[in-house]
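Undergrad: Here's the letter readout for the chains.
2 protein chains.
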Amino acid sequence: MDTLDLLRQLAIIIFFAKLFGLIARKLKAPEVAGEIVAGLLIGPSLLNWVADTDFIKGMAEIGVIMLMFDAGLETNIQQMKRTGLKATLIAATGVLVPLVLGTFLYMIFYGFSAIGSEKFYHALFIGTIMTATSVSITVQALKELGKLNGMVGTTIVSAAIIDDVLGIIVLTFVIGLKDPSQNILTVTLRTLLFFVFAAAVGWVVYKVMNVIDEKHPHTRRIPILALAFCFILSYIADKFFGVADITGAYVAGMVLCSLRDDSYIARKMDIGSYMLFGPVFFCSIGLQTNVRTLDTSIIWFSLAFVAIAMIGKVIGCGGMAKILGFTKEDSLKVGVGMMTRGEVALIVSQTGLRVGMLESQYFTSVILLIIFSSILTPIFLKNLYEKHGEADYTDFRHPVKPARG
Amino acid sequence: MDTLDLLRQLAIIIFFAKLFGLIARKLKAPEVAGEIVAGLLIGPSLLNWVADTDFIKGMAEIGVIMLMFDAGLETNIQQMKRTGLKATLIAATGVLVPLVLGTFLYMIFYGFSAIGSEKFYHALFIGTIMTATSVSITVQALKELGKLNGMVGTTIVSAAIIDDVLGIIVLTFVIGLKDPSQNILTVTLRTLLFFVFAAAVGWVVYKVMNVIDEKHPHTRRIPILALAFCFILSYIADKFFGVADITGAYVAGMVLCSLRDDSYIARKMDIGSYMLFGPVFFCSIGLQTNVRTLDTSIIWFSLAFVAIAMIGKVIGCGGMAKILGFTKEDSLKVGVGMMTRGEVALIVSQTGLRVGMLESQYFTSVILLIIFSSILTPIFLKNLYEKHGEADYTDFRHPVKPARG
Chain U
4 MDTLDLLRQL
14 AIIIFFAKLF
24 GLIARKLKAP
34 EVAGEIVAGL
44 LIGPSLLNWV
54 ADTDFIKGMA
64 EIGVIMLMFD
74 AGLETNIQQM
84 KRTGLKATLI
94 AATGVLVPLV
104 LGTFLYMIFY
114 GFSAIGSEKF
124 YHALFIGTIM
134 TATSVSITVQ
144 ALKELGKLNG
154 MVGTTIVSAA
164 IIDDVLGIIV
174 LTFVIGLKDP
184 SQNILTVTLR
194 TLLFFVFAAA
204 VGWVVYKVMN
214 VIDEKHPHTR
224 RIPILALAFC
234 FILSYIADKF
244 FGVADITGAY
254 VAGMVLCSLR
264 DDSYIARKMD
274 IGSYMLFGPV
284 FFCSIGLQTN
294 VRTLDTSIIW
304 FSLAFVAIAM
314 IGKVIGCGGM
324 AKILGFTKED
334 SLKVGVGMMT
344 RGEVALIVSQ
354 TGLRVGMLES
364 QYFTSVILLI
374 IFSSILTPIF
384 LKNLYEKHGE
394 ADYTDFRHPV
404 KPARG
Chain Z
4 MDTLDLLRQL
14 AIIIFFAKLF
24 GLIARKLKAP
34 EVAGEIVAGL
44 LIGPSLLNWV
54 ADTDFIKGMA
64 EIGVIMLMFD
74 AGLETNIQQM
84 KRTGLKATLI
94 AATGVLVPLV
104 LGTFLYMIFY
114 GFSAIGSEKF
124 YHALFIGTIM
134 TATSVSITVQ
144 ALKELGKLNG
154 MVGTTIVSAA
164 IIDDVLGIIV
174 LTFVIGLKDP
184 SQNILTVTLR
194 TLLFFVFAAA
204 VGWVVYKVMN
214 VIDEKHPHTR
224 RIPILALAFC
234 FILSYIADKF
244 FGVADITGAY
254 VAGMVLCSLR
264 DDSYIARKMD
274 IGSYMLFGPV
284 FFCSIGLQTN
294 VRTLDTSIIW
304 FSLAFVAIAM
314 IGKVIGCGGM
324 AKILGFTKED
334 SLKVGVGMMT
344 RGEVALIVSQ
354 TGLRVGMLES
364 QYFTSVILLI
374 IFSSILTPIF
384 LKNLYEKHGE
394 ADYTDFRHPV
404 KPARG
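Residue numbers (the numbering used here), protein chains in the order written: chain U, 4 to 408; chain Z, 4 to 408.
Honestly, the hints are just simulated from the structure, not real lab data.
Be a bit skeptical, because a hint or two may be false.
The list treats identical chains as interchangeable, and a pair is accepted whether it falls inside one copy or across any two copies.
[Said to hold, decoys possible] Think about it this way: if two alpha-carbon atoms lie no more than 27 Å apart in a straight line, the pair counts; the simulated DSSO-like pairs of lysine-lysine are:
no. : residue 1 : residue 2
1   : Lys385    : Lys122
2   : Lys325    : Lys385
3   : Lys242    : Lys385
4   : Lys210    : Lys122
5   : Lys218    : Lys146
6   : Lys84     : Lys210
7   : Lys242    : Lys210
8   : Lys60     : Lys390
9   : Lys390    : Lys331
10  : Lys331    : Lys210
11  : Lys242    : Lys60
12  : Lys242    : Lys146
13  : Lys242    : Lys325
14  : Lys331    : Lys218
15  : Lys390    : Lys242
16  : Lys60     : Lys122
17  : Lys390    : Lys210
18  : Lys84     : Lys218
19  : Lys29     : Lys218
20  : Lys210    : Lys325
All values derive from a computational prediction rather than experimental measurement.
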C-alpha cells in the first residue's frame, strides 16, 4: 500500500468535506449533506481525485463506530426508559410497512407470483433491503440541531437500535426460507445472548471505570480505555453474536453514559470524530458511488424503490408515533428521522447477492436510496424543527428523576 | 480487507499501549518506551495478537505525521533563530561521526578494503544507515518532561530537521557512487526548492488562515484546515521534492506556529494523537519486529552496531554542543536526544537492499538499533533532566523579542 497517497487523499477529503459542509450550512442544509456531496464530487463520479480504498473503508468504519459510541454516550437513560415500549412499537411497524410495500413494489414492476416461488423470494428480498434504518446520519443531524436528547430524538435512536435487531431477524428469516441452515430461533437467541453478555460485561466495565474515574478524574486513560471498550464490544457483537458492530458501539456508549466523566469522554471522542473520522465516513458514502456507471435500465424501478422505501418508514414509524400520542408534527419528525438507510442496507444487499436472492443491478437502487435518504432526511428534519419546535412530553409518563438534559 | 478485525486490533493496541505506558511511568521510564514494549508483546514476537497490517501501517504513518506537525506547531521561532547555526553544526558532526564510525565498524568485522571496491560500498552503507536521527520519540519524551521548548529541546529538534536533510543528501550521494543517474547537485537543489516552495505556499496559507482565524476564532474549521495543509504539504514534500514527508509535516507546523490560534490547533491535534494515532505509531515499531526470527549469526555485529550508532551521535552531536558553549550536562542531553533512530533508518535500509548495497540480514541490526535507541533515549533523557535541570542560556545571544516559552 502506498502510505504516501493516504496523506493526499485524507487532505482532499477533510478539506472538501469541511468546505461543502460550510456551504451546506450557508444554504440552511445540514453539514452532513454537504459532506456526502463532497464525496460525490471528489470521488469516481466527477473529479476522481479520491478512491474508496481499503484504508478509507477502514477509516470510515472507525468513523461510524465512533459516531454510534458517541450517540450511546449521550443517551439519556431516563428518557430511554420512557421511550422503550413506544420505540419498540415504532420500530416494529417501521420494519413491517416497508417490507410489505417493497415486496409489492417488485411484484407491480415484474408481475405477481406465488408464495414460495423463486420470483417471490426476489420480491421479498427487495422488501428486506428496505427494513434496516441507518441512524448515524439522523444522529448527526439531530446533534447539529441540538435535538438528540429530546423526546423525538431519543425515540428515533431507540427505535433505530431495535429496528437494527428486527432487520437482522428479518434478513435471517428471509434467507432462512431458502437456506435451512439458518434458524430464526437461534438468531433471536444469539441476539438476546449478546444483550445479556453486554449487560454482564458492561456492569463490570462500568464498575472498574467508575473506580478509575474517581481516582484519576479527567485523565487521558479514561477516554482511551472507553474507546478500547467500544472497539472490542463492537467486534465481539459482530464476530460472536452476529449483531451489527454499530449496535455494539452504541451499547458500549450506553454502558458508560452514566459515568461521572461521560461528557469528558464524549468531548474527546467528538474531536477525533469531527477532525478526521467523521468527514471520512460521510464522504465515503459519496465515494462509493459512480454516477457515470449507474445502470439506467432500472432507473424507473430505482426511483419508485427510493420513494417507497422512504414513504414506508414515514408511514410505518410516523403512523405508529401518532397512534402512541405524539403530535402530528413530531410524528412526522419520527418518520422522517427513520427514513435514512446506510451501510446496513448495502450489507444486506451483498448478502442477498451472495445467496442468489438479489441481482447485482439492484445495487443502483440501494445506492440511490442511501444518497437520497442521507441528503433529504437532514434537510427535512431541519425544516420540520424550524417550523414546529418539539412539543412538551413531560406528562407522557412521570420520570423517576428529572432528565439530565 | 476485514474491517471488523481492525476494531479488535485497535482495541488491543490502545489498551496495551496505555497499560504499558502507565507501567513505564510507574517505573520512572517514559510512556513511549512502554508503548513500544506493548507492541513487542502483542506483536509476532510474543502473543501474536496483532499484525503489522497495511491499515496499521497507514495509521502509524498518520500518527508520525501528526506528531511532527504538532512539534512544528510548538516551535518557538525566536528560540529557533537563536539555535539555527548551532543546530546546523551539531547536525553536521552528528552525521559525519556515525558515518565514519559505522564504515570502520564494518571493516573491523569483515576486513578493510580499498575505496571503490564492492566491499567498501557495503561498509559505507552501514555508516549511512546510522546517519539519520528519528526525532519523533525524543520529541514525545521531551514533551512529557515539559522540556520541548527549552534551549536543549529546540536545538535537538532543529538539529534533527537539518540532520534529516543531511541524511538524505548522504544517502543520495552514497547511492550515486554506484548509480550515475542520481546527482548530488540535483538532490541538493530539489531540497532547497522544497524549502522555497514551502516558504511561498506557507506565506499564502498563513495569511489566509490568519484571516479565517480572526473572523471565526476557535471554530472547528481552523484545526481541520490546518490538518489538511499538513497532510498535503507532507505529500508534496515526498512526492515532488523527494524530501521526507515528516519534514513536510514539521514545516507545515512551523508555518502555522505563529497563528493566534496555534495552541488551539495543537490541542486538537494532540487529542487525536494520544487517543489513537500516537499509540498505534509507537506500538507499530514493536509490531514490526519478530524477535523469534532474528538472525543470530550476526548478533555480535548487531550489538556493536547498536552501540556505535548511539555513541556516534553522542560524540558527534554532544561534542559539538560542548564546543558551542553548552554545559557538559546539556551537551550530553543533546547527544542522547539525537541517538534515536526510527522509520527513516528502515527506509534507508530498504533503499540499500534494493540497489544491492546492503544484505537483508543487516535488517536485524537496524531493528535492534531502533528498539534500543527508542527505549533507552527517553529513559536516559529523563534521568539526565532529573539530575541536572537545564542551564540558563539567556546570555547565549540576545533574543530580538522575549521568547514565548
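Undergrad: Look at each hint and say if it fits the structure.
TA: Checked hints:
Proximity of Lys385 to Lys122 under the C-alpha cut-off of 27 Å is found in neither arrangement, the shortest distances being 40 Å within a copy and 72 Å between copies. Within a single copy, Lys325 and Lys385 get their C-alpha atoms as close as 20 Å, which meets the 27 Å cut-off; across copies the closest is 66 Å, which misses it. Proximity of Lys242 to Lys385 under the C-alpha cut-off of 27 Å is found in neither arrangement, the shortest distances being 37 Å within a copy and 43 Å between copies. When the C-alpha separation of Lys210 and Lys122 is checked against a cutoff of 27 Å, the pair qualifies neither within a copy, at 53 Å, nor between copies, at 63 Å.
Taking identical chains as interchangeable, the C-alpha atoms of Lys218 and Lys146 lie at most 27 Å apart only when they sit on different chains, with a minimum of 24 Å there against 31 Å within one chain. Within a single copy, Lys84 and Lys210 get their C-alpha atoms as close as 21 Å, which meets the 27 Å cut-off; across copies the closest is 52 Å, which misses it. For the homomeric pair Lys242 and Lys210, the shortest alpha-carbon distance inside one copy (25 Å) is at most 27 Å, but the shortest distance between copies (50 Å) is not. Within a single copy, Lys60 and Lys390 get their C-alpha atoms no closer than 37 Å, and across copies no closer than 49 Å, so neither meets the 27 Å cut-off.
Proximity of Lys390 to Lys331 under the C-alpha cut-off of 27 Å is restricted to the intra-copy arrangement: shortest distance 13 Å within a copy versus 73 Å between copies. Taking the shortest alpha-carbon separations for Lys331 and Lys210, neither the intra-copy value of 42 Å nor the inter-copy value of 51 Å comes in at or below 27 Å. Proximity of Lys242 to Lys60 under the C-alpha cut-off of 27 Å is found in both arrangements, the shortest distances being 18 Å within a copy and 24 Å between copies. Proximity of Lys242 to Lys146 under the C-alpha cut-off of 27 Å is found in neither arrangement, the shortest distances being 30 Å within a copy and 39 Å between copies.
For a Cα distance limit of 27 Å, the shortest separation of Lys242 from Lys325 qualifies neither inside one copy, at 38 Å, nor across copies, at 59 Å. Taking the shortest Cα distances, Lys331 and Lys218 never come within 27 Å of each other, neither inside one copy (49 Å) nor across copies (41 Å). With identical chains, the CA atoms of Lys390 and Lys242 are never at most 27 Å apart, being 44 Å at best within one copy and 51 Å at best between copies. When the C-alpha separation of Lys60 and Lys122 is checked against a cutoff of 27 Å, the pair qualifies neither within a copy, at 34 Å, nor between copies, at 47 Å.
In this assembly of identical chains, Lys390 and Lys210 lie within 27 Å of each other by CA distance neither inside one copy nor across copies; the values are 44 Å within and 41 Å between. Proximity of Lys84 to Lys218 under the C-alpha cut-off of 27 Å is found in neither arrangement, the shortest distances being 30 Å within a copy and 44 Å between copies. Only between protomers do Lys29 and Lys218 lie at most 27 Å apart by alpha-carbon distance; the minimum there is 16 Å, versus 45 Å within a single protomer. In this assembly of identical chains, Lys210 and Lys325 lie within 27 Å of each other by CA distance neither inside one copy nor across copies; the values are 40 Å within and 54 Å between.
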